[in-house]
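Engineer: Residue-level listing of the chains:
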Amino acid sequence: MNFGRKLWAHRLGRIGVIMLGVSVVLAIFAPVLAPYDPEENIRPTIDDIYAGPSSEHPLGTDDAGYDVLSLLIYGSRVSLVVGFAGAIIALFIGGLIGLVAGFRGGKLGNGLMRFTDFFLVIPDLALQIVIVAIIGQSLQNIILVIGALGWTTTARLVRAQTLSVRERKFVTRARAVGGSDFYILRRHVFPQVLPLMLANTVLTVSLAILAESTLAFIGLGDPTVVSWGQMLNFAFNRGAVSAGAWWALITPGFAIVWVVLGVTLVGNALEDIVNPRQGRHHLEPEPIPRVVPLVGAAPTSALAMRNLVVEFVGADGTRSRAVDDVTFEVDKGEALGLVGESGCGKTTTMLAALRLLPPGGEIADGSVYLHGENVLALDEDSLRETRWTRMALVFQGAMNALNPVRSVQDQIVEAIRAHADIGQAEARVRAIELLELVGIDGDRGSEYPHQFSGGMRQRAMIALALACDPEVIVADEPTTALDVMIQAQVMELLDRLRRQLGMGMVLITHDLALVAETCDRVVVMYGGIVAEQGPVTEVFAAPKHPYTKLLLEAFPDLEEPERPLISIPGSPPRLDQLPPGCRFAPRCPYAFDRCHVEKPPAYPIGDRWEAACFLLDLPVGAALG
Amino acid sequence: MRGRLLVRKVLWSVVTVMVVITFNFFLFRVLPGDPAKAGVRDPRLSPAAVEAARIRFGLDKPVFLNTEGGSLFDSQYFHYLQALSEGDLGTSYAFNNRAVTSLIGNALRNTVWLVLPAQILSIGAGVALGLWAAYRRGTKIDVGALTFSLFMWALPTFFLGILLLFFGSRYLGFPSAGRVTIGANYANAFEQFWDIARHLFLPTLTFTLVLLGEYMLVMRSSVVEVFGEDYIQTAKAKGLSVFEIIRKHAFRNAMLPIVTLIALNLGFTVSGAIQVETVFSWPGLGKLTVDAVSQRDYPVLQGAFLLLAISVIAANLVAELLYLRLDPRVTEV
Numbered sequence: 045m046n047f048g049r050k051l052w053a054h055r056l057g058r059i060g061v062i063m064l065g066v067s068v069v070l071a072i073f074a075p076v077l078a079p080y081d082p083e084e085n086i087r088p089t090i091d092d093i094y095a096g097p098s099s100e101h102p103l104g105t106d107d108a109g110y111d112v113l114s115l116l117i118y119g120s121r122v123s124l125v126v127g128f129a130g131a132i133i134a135l136f137i138g139g140l141i142g143l144v145a146g147f148r149g150g151k152l153g154n155g156l157m158r159f160t161d162f163f164l165v166i167p168d169l170a171l172q173i174v175i176v177a178i179i180g181q182s183l184q185n186i187i188l189v190i191g192a193l194g195w196t197t198t199a200r201l202v203r204a205q206t207l208s209v210r211e212r213k214f215v216t217r218a219r220a221v222g223g224s225d226f227y228i229l230r231r232h233v234f235p236q237v238l239p240l241m242l243a244n245t246v247l248t249v250s251l252a253i254l255a256e257s258t259l260a261f262i263g264l265g266d267p268t269v270v271s272w273g274q275m276l277n278f279a280f281n282r283g284a285v286s287a288g289a290w291w292a293l294i295t296p297g298f299a300i301v302w303v304v305l306g307v308t309l310v311g312n313a314l315e316d317i318v319n320p321r322q323g324r325h326h327l328e329p330e331p332i333p334r335v336v337p338l339v340g341a342a343p344t345s346a347l348a349m350r351n352l353v354v355e356f357v358g359a360d361g362t363r364s365r366a367v368d369d370v371t372f373e374v375d376k377g378e379a380l381g382l383v384g385e386s387g388c389g390k391t392t393t394m395l396a397a398l399r400l401l402p403p404g405g406e407i408a409d410g411s412v413y414l415h416g417e418n419v420l421a422l423d424e425d426s427l428r429e430t431r432w433t434r435m436a437l438v439f440q441g442a443m444n445a446l447n448p449v450r451s452v453q454d455q456i457v458e459a460i461r462a463h464a465d466i467g468q469a470e471a472r473v474r475a476i477e478l479l480e481l482v483g484i485d486g487d488r489g490s491e492y493p494h495q496f497s498g499g500m501r502q503r504a505m506i507a508l509a510l511a512c513d514p515e516v517i518v519a520d521e522p523t524t525a526l527d528v529m530i531q532a533q534v535m536e537l538l539d540r541l542r543r544q545l546g547m548g549m550v551l552i553t554h555d556l557a558l559v560a561e562t563c564d565r566v567v568v569m570y571g572g573i574v575a576e577q578g579p580v581t582e583v584f585a586a587p588k589h590p591y592t593k594l595l596l597e598a599f600p601d602l603e604e605p606e607r608p609l610i611s612i613p614g615s616p617p618r619l620d621q622l623p624p625g626c627r628f629a630p631r632c633p634y635a636f637d638r639c640h641v642e643k644p645p646a647y648p649i650g651d652r653w654e655a656a657c658f659l660l661d662l663p664v665g666a667a668l669g
Numbered sequence: 338m339r340g341r342l343l344v345r346k347v348l349w350s351v352v353t354v355m356v357v358i359t360f361n362f363f364l365f366r367v368l369p370g371d372p373a374k375a376g377v378r379d380p381r382l383s384p385a386a387v388e389a390a391r392i393r394f395g396l397d398k399p400v401f402l403n404t405e406g407g408s409l410f411d412s413q414y415f416h417y418l419q420a421l422s423e424g425d426l427g428t429s430y431a432f433n434n435r436a437v438t439s440l441i442g443n444a445l446r447n448t449v450w451l452v453l454p455a456q457i458l459s460i461g462a463g464v465a466l467g468l469w470a471a472y473r474r475g476t477k478i479d480v481g482a483l484t485f486s487l488f489m490w491a492l493p494t495f496f497l498g499i500l501l502l503f504f505g506s507r508y509l510g511f512p513s514a515g516r517v518t519i520g521a522n523y524a525n526a527f528e529q530f531w532d533i534a535r536h537l538f539l540p541t542l543t544f545t546l547v548l549l550g551e552y553m554l555v556m557r558s559s560v561v562e563v564f565g566e567d568y569i570q571t572a573k574a575k576g577l578s579v580f581e582i583i584r585k586h587a588f589r590n591a592m593l594p595i596v597t598l599i600a601l602n603l604g605f606t607v608s609g610a611i612q613v614e615t616v617f618s619w620p621g622l623g624k625l626t627v628d629a630v631s632q633r634d635y636p637v638l639q640g641a642f643l644l645l646a647i648s649v650i651a652a653n654l655v656a657e658l659l660y661l662r663l664d665p666r667v668t669e670v
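So the protein sequences, as listed, match chains A and B. For the first sequence, the working numbering gives the first residue as 45, with consecutive numbering after it. For the second sequence, the working numbering gives the first residue as 338, with consecutive numbering after it.
By construction, these hints were calculated from the structure, which means they are not laboratory data. Among the clues, some could well be false.
Said to hold, decoys possible - Incomplete in silico selection of chain B near chain A, CB under 8 angstroms:
no.	residue
1	V356
2	L364
3	F495
4	F503
5	F564
6	G565
7	D567
8	I569
9	T571
10	K575
11	V630
Quick reminder that beta carbons are idealized off the backbone N, C-alpha and C, glycines included.
Here chain A stands alone, though its shape is the one from the complex (with noise of 0.2 angstroms):
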């Protein structure tokens, strides 16, 4: 199978699963491999009480003169079979009541739920103990009442993922066509569920585990047969600390953490297979940049890019780059619309303007300056100065980008007290006249993300921006998931502020109307690299580059609506697999041998106005048609 294959090359799966293997081969073999047999009568002498580890013994003996290697071996028996059986006993229950309460729902759900939550908060080893107790305590009962009481996280567990497979669309169509509930349950919901009913499964048995030793530690184990808890009990209860009998004491528990470890190594191994978490987070120490020197004179701009390189570094060390030399610039007062399909590099490329690059990526070459100051050879005190203060972002989904837990103003007032020397109050009242300046209403400032509506959260995320009066302001996708005519409100608010406040502007976005309507230059991505840069109405009137002009051609055109929309065959390349030659070669109609196997530098055609494809450097005329 599949799965153990996997399993078997999990580095701490494949030592839980020889672990675990060894306890089974002992418990099955325990009659070969044991050197004394337990339920044989001895007759110990006062020699044989509590005899250290010998030849004769090698773990001693313990209170009754038994080998204490033999019972360790007979107990794993116990351990495994009360483990196993009390753990399927709990996936049934649990299984079944989730499964049917995330099927169902409704008010058969919800009472199922409850049910559950109301065995969640009785505190099982109390429960186990009193009903044990009063029905007996035969190991037949002991694994009833330890699957009885264990199946509450399974049902939870089992009910969320439920709740998630039945509304996919699979399931949503086998409805439509009419299969039943039970056909669907079997064939397109329980398939889903039992990955994680697997990872879930030997938690379960772990605790079963732990359960059965405990409740024969205080006594209520079955009498009739050796486990480890029990024999802990009599060590413990028979005078073994006061006779220092560690072999006797300590062998049975570790025994039980041999087996608990290598059940739970299994369990984590196969949660990670079933579920893999990333795991990585924003505030892992960034690699230190590789400061190039500078050339000539440094940039006046507000924001330059100087042939910048990003890599993200994968979980094996393979590179991929994702931003390969790209050189633009942005003046204060000046508009740039960064184009592009998704995963050309657009967000990346801004992101690592302020040294903010998701973990694992890394700037591996080239520069990038605000105002004439190198953001790769500041120190972490000037790059805190820096961020915000010289260039603030609107982040794509403003819904994420704020705290949830924190009010809207509160998140102003920190940015600008963050970069200036003022008092609360009077920030506060600085972050009011900014949600007032973005169209909302002051008074609502104190009130959570979650109570504003889209329009609105968009609209605070560019008051947050504008907390520190930046230079240049990035604008990622600021539209997307809004309705139209809040789009327009947006739009129109930042284009005002722009001018208003003299700022430069980066905005990012698929919609190329948008950028011809309030961008003064324009710079379009592909695969990473830059592939045509220039004045907006210059570019959108005759690109030079094939990747532009099928963009245009495939964007509708209000004083064109007849001419018909080409969308562009194929899709961006994966970063892991670039071509070796032009990118874009692959996809492109007007491609010839030189574009597979060379780089296209950038050809400068006019004003700040350059593409990178090797058309330009045929003989004139055989340009783009």
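Add chain B to chain A, keeping to what the hints say.
Structural biologist: Relative to chain A, chain B alone:
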């Protein structure tokens, strides 16, 4: 809207407590063996004495509803409820017929002495270490924290107690059982306090270590998740220092799952208390429960179980209310 939610949560807890009381009552009467009668099953008693005892304990009445004439509520269940409302949990079979309420009251005080310091220590250390491990994700500190948590999970609480007791009492001279040194005469209050503190040390350490592993693990994964959120990137972009980001943005958000865990964990705490008290002969609720089991002292067992269940429900309610305060987003159940 949030006010209504609050009322619903409180109501739900009250309902749960009622269900637990009822469940607890029937558990001891309906299950095979009719254990409630065990107290009057002494073979030396004459049939007349048994009958008198049955009447005294109210065992002659119908269990749930009285359909044999008289008041419908003249039954064992409603008498139990009435007694309960007066704080009367019956009399112990084993402990010289002492009132269960007073037995449990004493035990509860001792348990609080054990559990409270352990909880405070482990929450404080667990939160701090979990945060540190998350911040230094993937480094040796992180791997060390994860390994520690894994071992604490696999180590049964009672076994950790035995290990600490074995080494602590043999080699470090800590007392191995009880709350005070038996027969000790104290010169002053400080000496008495010192004696109790020495007895508390090993059980508290056991408890703290077990809880610490759990809290640290949950805090770590919670913090790693929060650190990956977009608003953390926003805070970083605003120019806040790492310390400010953690203090103002990550900590509160990461604490949310911890609050739930601490509440849910009270069941786990109860099970830990039972084990630690058994190992260290600490005269608390857990040891009382175990002793009641071995002596088949059902009134005490019933009372102790009820108290344990109610305290977990109450703690859950407190946690949910706290959650409501911490997270402004919660507006429905």
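Engineer: Now, for every hint given, state plainly whether the structure supports it.
Structural biologist: So, going through the hints one by one against the coordinates:
1. V356: holds, 6 angstroms
2. L364: holds, 7 angstroms
3. F495: holds, 5 angstroms
4. F503: Hint holds; F503(B) Cβ to chain A Cβ min 6 angstroms, cut 8 angstroms.
5. F564: holds, 3 angstroms
6. G565: holds, 4 angstroms
7. D567: holds, 4 angstroms
8. I569: Interface hint status for I569(B): holds (5 angstroms vs cutoff 8 angstroms).
9. T571: Since the shortest Cβ distance to chain A is 5 angstroms, the answer is holds.
10. K575: Nearest chain A Cβ about 4 angstroms off; hint holds.
11. V630: The hint holds - V630(B) has a Cβ within 8 angstroms of chain A, the shortest such distance being about 4 angstroms.
Consistency note: the structure conflicts with none of the earlier hints.
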